[in-house]
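Chains as they are written, first to last, in the numbering used here: chain S, 1 to 193; chain P, 1 to 422.
Hint data in this document are derived by calculation from the structure and do not stem from the laboratory. One or more of the hints may lead you astray.
Stated by the list, open to error - Mimicking DSSO-like on lysine-lysine, the simulated pairs with C-alpha atoms at most 27 Å apart in a straight line are:
no.	chain 1	residue 1	chain 2	residue 2
1	S	Lys139	P	Lys364
2	P	Lys193	S	Lys72
3	S	Lys139	S	Lys123
Stated by the list, open to error - Some, not all, of what chain S presents toward chain P, calculated at C-beta under 10 Å:
no.	residue
4	Ala25
5	Pro35
6	Phe36
7	Ile37
8	Leu68
9	Gly71
10	Pro107
11	Gln121
12	Ile130
13	His133
14	Phe134
15	Pro156
16	Cys157
17	Pro172
18	Pro174
Where a beta carbon is used, it is the ideal one built from N, C-alpha and C, also for glycine.
Each chain, written out:
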Amino acid sequence: MTTHNDDNADPVRRDFMVLAGSTFAGVGAAASLWPFIDQMNPDAGAQALASIEVDLEPIQEGQAVTILWRGKPVFIRHRKAEEIKAALDVQLSDLIDDKARNDDLPPEDPATDLNRVKKGQEKWLVLIGICTHFGCIPKGQRLGDSKGEFDGWFCPCHGSHYDTSGRIRKGPAPRNMEVPPYKFVSDSKIKIG
Amino acid sequence: MAHHESTYNPQGRWAKWWDERLPVARLMNTQFVEFPTPRNLNYLWTFGGILTFCLVAQLATGIVLAMHYQPSGAEAFDSVDTIRRDVNYGWLISKLHAVGASMFFVAVYIHLFRGLYYGSYKAPREILWILGVFILLAMMATAFMGYALPWGQMSFWAVTVITNLFSSLDSIIPGLGTSIVEWLWGGYAVTGKTLTRFYSLHYLLPFVLTGLVVLHIWALHVVGQSNPTGLEIKTKADAVPMYPYAVSKDAFALFAFLLLFMWFVFFAPDYLGHADNYKPADALVTPSHIVPEWYFLPFYAILRAIPEKLLGVLAMFGSIAVLLFVPWLDRCRTVRSARYRPVYKWFFWLLVFTCMALGYLGAKPAEGVYVFWARIFTAYYFIHFLLVLPILGLIETTKKPPASIAESVLGDVASADPSKAS
Ligand code: HEM
Ligand code: FES
């Protein structure tokens with residue numbers, strides 16, 4: 001046993017011990033917190049719900065269908081010639097968001113109508129049908145729905161208008177509706193994801 | 001108050017035995033029986049007691065509902081229906097809980113505006129006030145998660161829109177907002193998984209709330225209650241013991257409040273809800289007119305008033321955060337109460353009107369003239385706190401308050417003395 005005075009004898013050594021000890025405990029506490037946070041993230045099972053095939057044959061011109069992919073609605077619209085023309089005629093400078101938002105293209109590609117569809121299959125528009133504002137599902141899929149001022153989709157939650165290419169044209173939504181990754185496996189069948 | 005000496009005198013051996021080991025009875029006696037309360041409290045001071053009642057009532061009815069509720073995407077909607085139709089007295093208990101949440105907010109808003117009118121937030125009650133703001137936030141989180149539980153259309157889309165508020169962070173750091181939202185959801189969309197975790201948190205948060213309330217009351221009992229004059233208790237004549245005076249007044253007010261509460265429960269149980277919530281959640285169809293519960297409408301109006309997504313979200317959270325700074329934003333140091341602030345009084349009522357107007361606009365579609373007015377009132381809301389409170393506090397000529405609480409009730413004690421009358 002040392003004497004009591006020794007307690008104060010080496011303040012530098014003591015400070016070091018306190019600092020090292022509390023750092024060690026702090027890092028440990030932070031590390032053991034991670035499992036409690038990460039458990040809430042989507043698990044591998046949710047990520048694996050990957051792909052789905054859709055037959056486009058029954059969808060007539062002017063019609064649209066909605067399917068569920070990874071828990072999200074996917075809009076598929078068989079566009080009429082005038083709808084495609086309207087989308088092609090838009091200048092990039094008229095867009096609120098000039099990025100293509102196409103998961104199959106680099107993020108910086110511009111939001112031309114051609115960049116939102118597959119080459120040779122311009123009549124098919126495939127979108128994640130979620131308003132990029134706060135996630136409501138825009139109207140415009142069903143006959144008789146309001147399609148908004150740009151004849152595409154209209155989100156009633158806070159009034160966002162999308163055009164016939166699914167691009168945001170008016171209202172609070174910041175981005176164009178996303179184009180999911182997909183490819184044509186035959187002339188009339190696509191695989192999403 | 002801290003400097004109030006206990007006069008508790010345990011009667012009998014049993015009471016003495018306890019008092020030497022765990023003096024709970026002494027604590028209760030000092031803090032809730034003898035505790036000096038200002039003699040001039042009006043009915044606006046009864047809402048603290050009413051709020052305590054609301055908290056206990058939500059806990060009691062909630063724990064009962066939890067015995068019958070199924071927190072899964074597939075079963076939740078039907079289980080709530082079963083509670084309403086089959087469980088013995090389930091119709092009553094589920095409505096006490098749903099209406100109770102609304103009544104809780106009625107009481108908390110009155111309580112909060114009482115504080116703003118009488119300057120209750122001023123020194124030394126800043127911590128008490130700030131704890132109150134945190135209580136409001138915890139109540140909002142609890143009510144939001146509770147509203148998710150019936151898993152109807154309104155539940156589902158409220159969860160979608162509100163969790164998506166965080167996606168606005170994408171415009172600061174791309175991907176950050178989306179990661180947070182997917183973390184909250186436990187997937188790539190709102191699903192039954194989201195419901196289950198909300199249920200867990202809906203059960204937890206009321207107990208956090210209880211902890212905050214205990215701190216709030218503790219802080220209150222350290223500094224003592226303010227009152228309509230905003231003067232401190234200086235002599236014995238200014239105060240009465242809490243029991244029976246304040247307690248009986250609180251009880252009377254509570255019964256009046258319960259009359260309104262029960263009127264809703266028995267005669268208009270669905271009036272405060274939305275018909276769309278009696279449709280099961282559908283991830284493919286958003287109801288054409290989604291609105292939050294009435295108690296969130298003013299905040300929803302602020303969110304929608306601002307056309308930029310991130311700024312809207314910041315303004316909405318800012319409208320509550322600004323309350324935290326009120327004790328320092330208000331520069332008026334001569335008096336507390338609006339009774340002696342002839343100009344502030346008018347601005348106070350303008351703020352009340354503004355909040356009601358925002359509430360009305362929050363329920364309207366976000367278009368045309370509604371957006372215009374929502375912007376005007378949103379602007380005034382912030383101007384009130386950030387400009388009016390600081391500037392008015394410095395330039396307003398306040399009136400002279402009475403010399404003491406007793407004088408404000410009894411008049412000038414000296415001139416009322418019969419020996420002086422001629
Ligand atoms: C601060 C207190 C609380 C508030 C403000 C609150 C609020 C709410 C709200 C707004 C609802 C939706 C009501 C509806 O429209 O049907 C709800 C439902 C529910 N709450 Fe609470 N709650 C509180 C405490 C609790 C507690 C302590 C529990 C216990 C676990 C609980 C369990 C439930 C259950 C099981 C439901 C779903 C059943 C139903 O809707 O009938 N709540 N709560
Ligand atoms: S969610 Fe579509 S406009 Fe707000």
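Structure-based check of all given hints:
Between Lys139 (chain S) and Lys364 (chain P), the direct Cα distance comes to roughly 19 Å. Compliance with the 27 Å bound is thereby established for this hinted pair. This hinted pair checks out: Lys193 (chain P) and Lys72 (chain S) have alpha carbons roughly 15 Å apart, not beyond 27 Å. A hinted pair counts as satisfied when its Cα atoms are at most 27 Å apart, and Lys139 (chain S) with Lys123 (chain S) qualifies at roughly 20 Å. A distance limit of 10 Å between C-beta atoms decides the matter here; for Ala25 (chain S) the minimum to chain P is near 25 Å, and the interface restraint is violated.
A least Cβ separation of about 14 Å between Pro35 (chain S) and chain P goes past the 10 Å threshold, and the interface hint is therefore violated. Using the Cβ-Cβ criterion of 10 Å, the hint placing Phe36 (chain S) at the interface with chain P is not satisfied: the shortest such distance is roughly 12 Å. The beta carbon of Ile37 (chain S) is positioned within 10 Å of a beta carbon in chain P (closest approach about 8 Å), and the interface hint is therefore held. About 7 Å separates the beta-carbon of Leu68 (chain S) from the nearest beta-carbon of chain P, less than 10 Å, and the hint is met.
The closest approach between the C-beta of Gly71 (chain S) and any C-beta of chain P is roughly 4 Å, which is under the 10 Å cut-off, so the hint is satisfied. With 10 Å as the threshold, the beta carbon of Pro107 (chain S) comes within range of chain P, its nearest partner Cβ sitting at about 9 Å, so the hint holds. With a cut of 10 Å, the hint placing Gln121 (chain S) at the interface with chain P is violated, because the nearest CB-to-CB distance is about 25 Å. Given hint, Ile130 (chain S) at the interface with chain P, holds; its Cβ is 8 Å from that chain's nearest Cβ, closer than 10 Å.
Here the hint on His133 (chain S) is kept, as its CB sits about 6 Å from the closest CB of chain P, short of 10 Å. For Phe134 (chain S), the suggested interface contact is upheld, since its CB lies about 4 Å from the closest CB of chain P, less than 10 Å. For Pro156 (chain S), the interface hint holds, the least distance from its beta-carbon to any beta-carbon of chain P being 5 Å, beneath 10 Å. Among the interface hints, the one on Cys157 (chain S) holds; its C-beta lies about 6 Å from the nearest C-beta in chain P, closer than the 10 Å criterion.
Restraint check, Pro172 (chain S) versus chain P: the minimum CB separation of about 6 Å is within 10 Å; hint holds. Of the supplied interface hints, the one on Pro174 (chain S) holds, with its beta-carbon coming within about 5 Å of a beta-carbon of chain P, less than 10 Å.
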